[in-house]
Amino acid sequence: MAAPKFAPAPAVNEPRSYASPPVVPDSWTPDRPTDLIGFQPVGDQLGYQGPDQGFAIKIANGFRDRLRLQPGEHAADVITGCLGIGLRRASMFSRAPVVHDLTIAFTIWGYLDGSAPVELVADRTQRFSGLGHGHYTEGRSLVDMVPEATLRMTPEQVTAAFPARWRELVGLAGLAG
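Everything in the sequence shown is counted per the numbering used here, starting at 22 for the first residue and increasing by one.
Mixed in with the good hints there might be a few duds.
Stated by the list, open to error - Between beta-carbon pairs, the in silico distance windows are: (1) 189 / 61: 22 to 30 Å; (2) 44 / 175: 53 to 61 Å; (3) 75 / 139: 32 to 40 Å; (4) 67 / 186: 25 to 33 Å; (5) 47 / 94: 55 to 63 Å; (6) 173 / 41: 48 to 56 Å.
None of these hints come from the bench; they were simulated from the model. Ideal Cβ placement from N, Cα and C applies to all residues, glycine included.
Let the hints inform the model, and build the full structure from the sequences given.
Right, here's the structure in full:
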């Protein structure tokens with residue numbers, strides 16, 4: 022801000038230079054009760070942390086028009102359930118979510134294929150029901166049931182395995198069907 026003409030000013034302003042503060046504070050240490058030491062905790066219902074996870078919502082909503090839903094299925098439930106699976110896959114690789122994470126999630130549950138097996142449709146309709154309305158525990162269970170081996174596959178490998186191996190892909194391989 023300019024000074025008014027009547028304000029006194031020295032003829033020669035002193036040039037500024039860096040000056041150290043009189044006291045240097047101690048180093049920061051994680052000593053508060055809620056500070057984490059090491060990595061994020063791992064366990065039931067804790068989820069999978071990763072960077073820029075909110076972007077996955079935009080990616081997942083891009084699939085909305087491609088979803089092959091059956092009567093009784095709702096896009097909000099499907100997107101919420103597959104979103105968690107995609108985020109888990111992204112966090113396994115310590116990166117932000119990409120379209121391939123969600124492609125795998127939608128593919129293993131048969132939402133991108135019009136010829137999903139009847140048994141799969143019946144199972145997924147029950148498992149995904151209500152997830153779009155904040156059913157966290159059910160959503161976590163759905164995400165946790167998908168085997169890590171499935172999430173480490175490429176989208177091409179998943180597409181090649183579906184629908185013949187759908188039980189294995191979603192984590193129901195040991196169950197009768």
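Going through the hints against the structure:
1. 189 / 61: 22 to 30 Å: 29 Å, holds
2. 44 / 175: 53 to 61 Å: 56 Å, holds
3. 75 / 139: 32 to 40 Å: Distance hint for residue 75, residue 139 holds at roughly 36 Å.
4. 67 / 186: 25 to 33 Å: Given about 29 Å between the Cβ atoms, the range holds.
5. 47 / 94: 55 to 63 Å: 57 Å, holds
6. 173 / 41: 48 to 56 Å: Check passed, 52 Å falls within 48 to 56 Å.
In this structure, none of the earlier numbered hints is contradicted; all agree with it.
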